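Trainee: The residues making up each chain are set out below.
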Amino acid sequence: MPVLERIHATRVVAAPAALEAVRWPAGTLVLRTAPDEALVIPNCAPEVADSHAIVESEQGFSGVWISAEEARSLLERHCEWEAPAERPVFVQGAIAAIPAKVWLEKERALLLVPVPYAAEFEERIS
Amino acid sequence: MNTAPHQPQRLIVDGQPVSFREGDSVLLTLLRAGIHPVGGGCLCLAGDCPHCVAVVNGVAYIRTCQTKSRPGMIVERHPQVGYPALLRDDISIAPVGVRNLHCEVVVIGLGDAGRAEAEDAARRGKQVITLDASAGQEVIGVYPGPLVVARTDSGMLQVHPRREIIVATGAAEIQAVAPGSQLTGIVTARAAEKLHTAGIELGRVVAVGTPPEGVACEQVGDHIVRFEGTGRVRAVVVSDASGAEKRLECDTVSVSLGLHPRDALFRMGRTLNPPTPAGPVIRVVGRAAQASDIPPCPRAGTVCSCSAVTVDDLQLVWEHGFHELEMVKRATLAGTGTCQGSVCLPHIRSFLAGRGEELQPPFTARPLTRQATIAEAAAGAHHTSTPRTALHDEHLRMGAVMERIGGWWRPWHYGIPEAEYWAVREAVSLGDVSTLGKVQVSGPDALEFLERLYPTKVSTIKPGRCRYVLLLDDRGYVIDDGMICRDTETRFTLTFTTGGSTHAEMWVRDWAEQWKMDVRILNRTMSLGAINVTGPLARELLRRAGCEDLPEYLVQRSGQVAGVDCRIFRLSFTGELSYELHHLAGDSVALWRGLMHAGADLGVKPHGLDVLLRLRLEKGHLLVGQDTDFDSTPRRLGHEWAVKLDKPEFVGKQALLRTNKIPLDRKLVGLETDGPTPKEGAVLWKEKEHAGYVTSSAYSPALGKSVMLAWLKLLAGDLPREVTIHGHTARRVSTPFYDPEGQRARA
Chain A
1 MPVLERIHAT RVVAAPAALE AVRWPAGTLV LRTAPDEALV IPNCAPEVAD SHAIVESEQG
61 FSGVWISAEE ARSLLERHCE WEAPAERPVF VQGAIAAIPA KVWLEKERAL LLVPVPYAAE
121 FEERIS
Chain B
1001 MNTAPHQPQR LIVDGQPVSF REGDSVLLTL LRAGIHPVGG GCLCLAGDCP HCVAVVNGVA
1061 YIRTCQTKSR PGMIVERHPQ VGYPALLRDD ISIAPVGVRN LHCEVVVIGL GDAGRAEAED
1121 AARRGKQVIT LDASAGQEVI GVYPGPLVVA RTDSGMLQVH PRREIIVATG AAEIQAVAPG
1181 SQLTGIVTAR AAEKLHTAGI ELGRVVAVGT PPEGVACEQV GDHIVRFEGT GRVRAVVVSD
1241 ASGAEKRLEC DTVSVSLGLH PRDALFRMGR TLNPPTPAGP VIRVVGRAAQ ASDIPPCPRA
1301 GTVCSCSAVT VDDLQLVWEH GFHELEMVKR ATLAGTGTCQ GSVCLPHIRS FLAGRGEELQ
1361 PPFTARPLTR QATIAEAAAG AHHTSTPRTA LHDEHLRMGA VMERIGGWWR PWHYGIPEAE
1421 YWAVREAVSL GDVSTLGKVQ VSGPDALEFL ERLYPTKVST IKPGRCRYVL LLDDRGYVID
1481 DGMICRDTET RFTLTFTTGG STHAEMWVRD WAEQWKMDVR ILNRTMSLGA INVTGPLARE
1541 LLRRAGCEDL PEYLVQRSGQ VAGVDCRIFR LSFTGELSYE LHHLAGDSVA LWRGLMHAGA
1601 DLGVKPHGLD VLLRLRLEKG HLLVGQDTDF DSTPRRLGHE WAVKLDKPEF VGKQALLRTN
1661 KIPLDRKLVG LETDGPTPKE GAVLWKEKEH AGYVTSSAYS PALGKSVMLA WLKLLAGDLP
1721 REVTIHGHTA RRVSTPFYDP EGQRARA
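Same order as they appear, the protein sequences are chains A and B. With the working numbering, you'll find the first sequence wraps up at 126, consecutive numbering, no jumps. With the working numbering, you'll find the second sequence wraps up at 1747, consecutive numbering, no jumps.
One chain only, chain B, in its complex shape (with noise of 0.2 Å):
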């Protein structure tokens, strides 16, 4: 036998605790100790109106009568003016789980009509699921998909309906629009009805119109004048047909004008609705089907509480022009608030009915219905995710500062770019270009693909050999760039920039569709590592990790390097001699690290990509995507040399040889400073006249300088030789800046 004393259950409102009876909705509690949620306005117990909205346990706008009671509730009322705080430093947000559910047919609504349907749908074998507001499934939005999202007190529901919608969320009492509305004691005849039911003592009762079941009242007609009394209603004036008015003393006034169909997620969703034979996508039945009732055309007060529009407010944009119901929504923003237009919206329909209007249909109805939290909006969301090389634990252990770029993680630098650089130029490095993209071509029409494909001759590279590439679209600008490497007669290693990868891939397989080729197409990006040895020092470096048999320039071998089967390709993007070794990622921890330890006496260190991007810079190397623009081809980017006109058809040739007709406007250059780097985006000036910007810039200890790309316009028909940026010179130089002739790459 439980002898535990009976402790009673209390919830905290604005600070105190209160008692509540085991069952009892938030609401209920507040009123049984004479508090109204909000200071006024008529309620409705189920969820229609705004009336009742508090902040719970840090969260404002939650409907409290459709909030159970729990001990040690937070339950703050709103301010009564201004807003209440939508974020608060004292609460932290936990994220939201959600879950996602599928089925063929989901109704909204489990009264009579709803109910109705899914024991039919059921009996017809289809797979229903129900969602009602009184189990504590609050849909809160229709979305194409179709999707059904709902809020649950375990996390929102995401239902995804193959075959249909059906809402039956049936009908809300209208409410009255009268001066002294915004008074506590009104309430709706449903609502009257829960509270006698509930033991609240509702004092004396006046019913306008049709009268609340099982309650003592004073029954009158259905046209409110006014509400009186301070604070609490403690009169109503209604008048007669032919004007008359009666003025009847009571404690609360029960409101019974008609009503008017929840038919909100039904509004939002039937634009789902194909014009097709296969039926629809969403079906609104039962009483959330029927006509709206039409209350009075009203005359004065309050018409939208969550936006504070009263009568004369729609009268005043009435006067400015706007009869149309979506007009005057917009003009006054009356249904844009808590409730979404389910207590203003037949009002408004009659105040435009009242002045010679049709009556119109309701406005369009927008996800969300019910306010919903950032974290409950975020509940199953995720931002784009960030892959991470093989070699990103290895990076972090050596101190790297680890960046996004180019849809990867990246190390940035390892703590002193300046040794990284000068390892690069003097001794040896290792950069991880893992995120490079790898493409493999291989079948009988490979090299004629690749033909159509590359501006470049691809018959003339030799197997074994490698050459750098511009992809174009069909607008001859430039995409992407990379290698060819040709593997044998019929296969391919297509390389491609970090950003640009997963287009190019998409890019490559479109056209050998398009062109119906047959070859076989392996995209090994995520399956291949790569590390690029670079320096004076690198050929060593590789000796000593076992690896004598070492390529020329631009050609590529297979090799063991520390033990690890690499594909060795000889290439260069730092301007020094430079061994691309590509591995399977499995093997890139192993393979780093036999590096280091065979290079520790030659003072070999890992560069990152700040050091790299420096370096490139020196070399000219343009980054496509940074300093190429959505227009740029080979011509303005200098890069002629990289397409063979005179071949036969490939992918932006014919683009080409109609705009190598239009005089040059602009090129991309190289430009020299002795003053400061200036920032990438700079401004060049000619005089006073705007010549271009800065698209990469870095100060290179090599040259005791600062180099920059940029895209310079020709001004009278040439390109400046000076221009100013900041007030600084810049001269116009040829690229590379750095070892013009390639010596050092080819060494």
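So here's chain A without its partners, still in its complex pose (with noise of 0.2 Å):
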């Protein structure tokens, strides 16, 4: 299992309609983490129609791209949930008891986990 490193990404919370009209950067990965909260990678400085977003540079997550297969053998061996068939897609959940989010796509899929966990996590998934 490849190593995780830190990531730098952007956190926004805005309010709903903000945020879905938001023109993200070429090239950023928009992860929607809760309805009035996305996880945008890498760093960027996104133009929100909300006086009131917060947008804050994040470094609170480890990543890591893994292939598709190694992403479905990572999940059948340590996440008692069943991730959806369709590709793309966003799931969050606990992978090994720690909480991660798996962005799933045909090929490959992208790991985050929390920086404090990763280093746990690596140990329970190696």
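Keep in mind that the hints were calculated from the coordinates and are not lab data. The structure displayed is predicted, hence computed values, not measured ones. It cannot be assumed that every hint is accurate.
Selected chain B positions facing chain A (in silico; Cβ < 10 Å) [to be verified]:
id, residue
1, 1058
2, 1145
3, 1290
4, 1294
5, 1440
6, 1444
Straight line, CA to CA, 30 Å or less: simulated DSSO-like cross-link-like pairs of lysine-lysine [stated by the list, open to error]:
id, chain 1, residue 1, chain 2, residue 2
7, A, 106, B, 1126
8, A, 101, B, 1516
9, B, 1688, B, 1705
10, B, 1644, B, 1688
11, B, 1647, B, 1667
12, B, 1457, B, 1679
Idealized CB from N, CA, C, for every residue including glycine.
Hints in hand, dock the two standalone chains.
Mentor: Dropping the structure here:
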């Protein structure tokens, strides 16, 4: 299993309608972690039409891209919940009893874990 | 061409090599060698009974009839008296892996009925998983979820069916209960057929009930009076309807007294069935769904080999008034052992029916149906993970002893706590406080929301300023504390205790939702690091680290420290001049090292929790969860000053107005003693009356005495001025113990 590394991202919390309307910079991956919240990779400066939006640099997650087969095997061995069959899809839940987020594409997947849990996560899945 | 000489394959039985044939189970290998695994008892060769269990490769209670012989396998028979060791020092227990599989339908058992169900479901387009013990997938439990757990050679399977569980596990043969049933040479009819097919010599066979197919035998009726023999059966005595007995000499007795459904998994899981038209979650089909044959009422002999329960034992509990099957099970432990009632259940039902009771339904089945090792039971399970701050490795590098505190790994000390203490009090020190809860709240309703949430007047906090706050529940009890820092008119940073931050975030979000507040909430606890720079030289250290424009007490501002962008909060938990530097967690190491480098000649040292807890105690700062109880109100804590009852509604206000009318019964107070430092939890006495207990205690090097926070009862309407702890006098004093005017923190 590749080593997780701290990622540089942007966290945006805003009114859901404002979040829907954001034109994200090209090349960013936007993960909707909640109706009013997005995690955007890599770090960027999006324009959000909500004067009360919270837009912050985010270094609280470690991540790694793995192959689709590695992701399937990981989820099968360490995850009780069932990932949707559709691709791409974003899922969140416990993997090896640690909170995680997974962006599943057809050929690969991005695995994200809060940095404070990353070391123990690696120990558990190795 | 393979010219290697043929080497017989052997396993080891009780220390002796025993040859086996390819494909033989361990039981067949033992029987070919003339060994009965447990020294006697009817064999079923179907995994139903407990009469073939042995220790295999260090694991006890393995059904040898279901276990393939393998070269070098270590087989040990269970002791004739007592129990096999469950844990052996000489066996290393490897972790057992788990696979989670998802489907719509899971079919357990692939006999005719199971195969038909699986095919039917597949035809209907359902995603089906089949589990069959003969294919090495032994189901050991059905749980809510629903979840079906099976053991395989390669680890545990956890199957999560979305729609249905179908139990098609067939039926077990009913064994005989009669004197002598623990002899060797007694087998079920199906077992006799298998042994015959395997080429094992059975000798002269007497068949009681339906005879085994293809086995030459003498057939007699189905009422067994007793088995005779020493070690091995030599004769069986049967009786007819008139009671006339007949004795038949033999080498093997084949017993066929009917069938008993293998429906334990269904009985275990049927509570999963919701009373809805959606249909059952679990179904039982085929022979497993049919009623059990009921054998003749047992008169003598062993009913339950697993728990050594005899007919006499059943009679005894019957005479004591245990007439219900579930109660008989509890009173005798019959049905709680290795086979979980597979052998004894029909006989106990018959026993009770024979005493005038109605035929009672089978008793409840509970996981597990098969013995599992600790490693198997733990497969896929994890203890709660303990997060690490971004400075974890830095702490280790500096020799820190780490402890789990408040749900995080934190440095307890770095080798010499006294040096850390004096660095804070006399020079400057760094503390990793990244674990503090940090939540941002923004929005047009942010002020209104926080006014309703907190008992302080949030509107009086000016932008750029900070204030200590209590967090109350709706009963007026303190559930956490921290700071409110007002960033702008409509944006705030809230801090919470390390241990309370997760709950506090839920609390904040729940109320925002409940009140339909237009706010945005972001938990930054894991995203931001925080370093507390504390001590009389803290200002000097930060100046050396490039930050000249430092905030006043209880003020915050942005700035760069050691090249790292920080939000600098002027707070104090230690009682000294302190700055809390919040920054992106990815910059923590650079900031820490920059500060350590800049302060090298100032005597800068890191301090751990051991010292921090002492420092805060000297200041009388309470630790929520340690100094507070589940019903601690601000009044009991002496924190009325943090509650503004003249402001409009806030969470807990009505409860406080009500409980404030009740006379105070106890209070958190400061105590000091010249005696030895009592342990936290030590009891306070006022003469012979229990007066309370210590919540925090430490020796204060600065004050030269021990100081405490303690819950002290009001006795005769007053707080005692003195109490005794382990015979030593402790005096009640006001807090803070150290620098009561707060001049050092405000310096």
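Trainee: With reference to the structure, classify each hint as holding or not holding.
Mentor: Comparing the hints with the structure gives:
no.	hint	result
1	1058	25 Å, violated
2	1145	8 Å, holds
3	1290	34 Å, violated
4	1294	41 Å, violated
5	1440	5 Å, holds
6	1444	6 Å, holds
7	106/A / 1126/B	24 Å, holds
8	101/A / 1516/B	28 Å, holds
9	1688/B / 1705/B	25 Å, holds
10	1644/B / 1688/B	39 Å, violated
11	1647/B / 1667/B	25 Å, holds
12	1457/B / 1679/B	38 Å, violated
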